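Modelling step: build the complete structure from the supplied sequences, incorporating the hints.
Chains A and B are the protein sequences, given in the same order. Per this note's numbering, the first sequence starts with residue 1, numbered consecutively. Per this note's numbering, the second sequence starts with residue 1001, numbered consecutively.
If you are wondering where the hints come from, they were derived from the structure by calculation, not from laboratory data. A few of these clues could be false.
Some chain A residues judged to face chain B by a derived CB distance under 8 Å, without partners named [to be verified]: (1) G22; (2) R119; (3) P129; (4) L133; (5) M136; (6) Q153.
Keep in mind the model is a prediction, meaning the values are calculated, not measured. For each residue, glycine too, the CB sits at the ideal point set by N, CA and C.
Number of protein chains: 2
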Amino acid sequence: MSLLTRAEQALSTHFEQAAGVGAPPRLVAAMRHAVFSGGARIRPQLCMAVATACGDDVPQLTNAAAVALELMHCASLVHDDMPAFDNADTRRGHPTVHKAFSEPLALLAGDGLIVMAYRVLLQSGVQHPERVLALMDNMTTGVGLPDGIVAGQAWECETSADMGQYQRAKTGALFVSATRAGALSCGFEPEPWAPLGAFLGEAYQVADDIRDVIADAASLGKPVGQDILHSRPSSAQALGLDGAIAHFDHLIDQAAASIPMCSCRDMLCQLVQLEAERLVPKAVYEGYFKTHSGVASGRISEKH
Amino acid sequence: MSLLTRAEQALSTHFEQAAGVGAPPRLVAAMRHAVFSGGARIRPQLCMAVATACGDDVPQLTNAAAVALELMHCASLVHDDMPAFDNADTRRGHPTVHKAFSEPLALLAGDGLIVMAYRVLLQSGVQHPERVLALMDNMTTGVGLPDGIVAGQAWECETSADMGQYQRAKTGALFVSATRAGALSCGFEPEPWAPLGAFLGEAYQVADDIRDVIADAASLGKPVGQDILHSRPSSAQALGLDGAIAHFDHLIDQAAASIPMCSCRDMLCQLVQLEAERLVPKAVYEGYFKTHSGVASGRISEKH
Chain A
1 MSLLTRAEQA LSTHFEQAAG VGAPPRLVAA MRHAVFSGGA RIRPQLCMAV
51 ATACGDDVPQ LTNAAAVALE LMHCASLVHD DMPAFDNADT RRGHPTVHKA
101 FSEPLALLAG DGLIVMAYRV LLQSGVQHPE RVLALMDNMT TGVGLPDGIV
151 AGQAWECETS ADMGQYQRAK TGALFVSATR AGALSCGFEP EPWAPLGAFL
201 GEAYQVADDI RDVIADAASL GKPVGQDILH SRPSSAQALG LDGAIAHFDH
251 LIDQAAASIP MCSCRDMLCQ LVQLEAERLV PKAVYEGYFK THSGVASGRI
301 SEKH
Chain B
1001 MSLLTRAEQA LSTHFEQAAG VGAPPRLVAA MRHAVFSGGA RIRPQLCMAV
1051 ATACGDDVPQ LTNAAAVALE LMHCASLVHD DMPAFDNADT RRGHPTVHKA
1101 FSEPLALLAG DGLIVMAYRV LLQSGVQHPE RVLALMDNMT TGVGLPDGIV
1151 AGQAWECETS ADMGQYQRAK TGALFVSATR AGALSCGFEP EPWAPLGAFL
1201 GEAYQVADDI RDVIADAASL GKPVGQDILH SRPSSAQALG LDGAIAHFDH
1251 LIDQAAASIP MCSCRDMLCQ LVQLEAERLV PKAVYEGYFK THSGVASGRI
1301 SEKH
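Following this line, the structure appears as structure tokens:
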């Protein structure tokens, strides 16, 4: 079974189990819409891949940890899409939750997903209380204050923000939680896996900035040009498109290099490189350079 | 030290500890505004009172449990006040978070407080992992799907809702979590304490409906007449004011009667009765009846 299939199956199973019986039907529908309208599932796959490298001795705990992180990610997307922030009508090619349901339900769906993430971990760890507590602590760090994704989003509300700190919190924090969770769900020391998450998270944010400039809305599944529109810090603005692509490639190299020695190192390197191509497809940026400047891509590394 | 003082001190201590260092300053300020702008602290006091009855052998865990529940309560108020719901300008006599800061920061402050609630429990239970897990499970039940306060709020978004189920979820659930938490933080069986929370929670909701009709905005600290305005289910609408006050009194009686036999039973009964008078002050509703009908109060019981 591929990691993606495993992630999707775990999400379906845990969502229904954690929703329970008798909840307001439209709230459950809004939460389901938030979670099951596409999505690359990169965070749960990362968690599962690292767990595989660590022996994955309690796969149901790994699954729960992976699902919980994806629910947190989906919660943040629902709230970020709302009129108070991006005011986005579409996400992954579908109507956003507040468009498909309503603003009140989007607000509550996000809240409900945050709490459901903890519920999923609590339901799956009866046999391993210490691991569950470590996983919850790790997830809380990735989401909350001072450096999690909620803090990252909040840096957009400050008059000044350090670009690195903003990006590390907004995207990197949950990637770090994902790689650390893979180790923690097996009772392993998480720190050796943190750099992989950090580099991938930063690469993901840079890729998002690049795609916001060059992609068409159809391939991105959400409106483009949002960073300029919302005056958000963007590496594509700060470094230029060439510079941002070079930075992205360097981060991918660092991510691959950071993977600890283990029997799954090759599998993990391959996952990183597949993800790099998915994030910033060569065909898309080369097409963009041809259309916009008539010169070839400035990408400095072709090895991915 | 009074329970209120203990609750306030624990809130201050745990808030700063859980916020950590380096978070976006306006986010922290918005969260602080949400938590420290008044509030009766009834949920943490209930938790602490029950813990006292159960021996309170790990007071720092009781404090953490009490604080975590109050943070959840504050989070729900921040989100409920937002334009998508009540669009309230004031709360407890102060500007609401979205008015004092902004809508984006109110959204994030609520999210941040939910996550902080778990952080507070995680930081305080190293010595007692099983109790912490039970407390987190209990809190998650009070907040999430299918019957917690998020679900309760979401019943307002359905075309039809059972009045009892709506009120039990919207308010009762977190009161039940509070009394159960008091027992759980001492390693006691929580179920005997659940009815106290359930009756008080229902009484609180009925009191809120009564106050929404009779109170002036100054004493309530928030706009009145909101239930009719937002077409919300209200016991004062359903039963009439006389009927709602009689129902409130009956619930208070049931709450007091439900308290399990213990050395603190008298103290707990007194707390319940003080809370009843605070919630629906005799002077206020008697004044209302004089002004609006010229007849005496229809309150059937005078023993509180």
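Hints versus structure:
no. : hint : verdict
1   : G22  : holds (4 Å)
2   : R119 : holds (5 Å)
3   : P129 : holds (5 Å)
4   : L133 : holds (6 Å)
5   : M136 : holds (6 Å)
6   : Q153 : holds (6 Å)
Against the hints set out earlier in the document, no violation occurs for any number.
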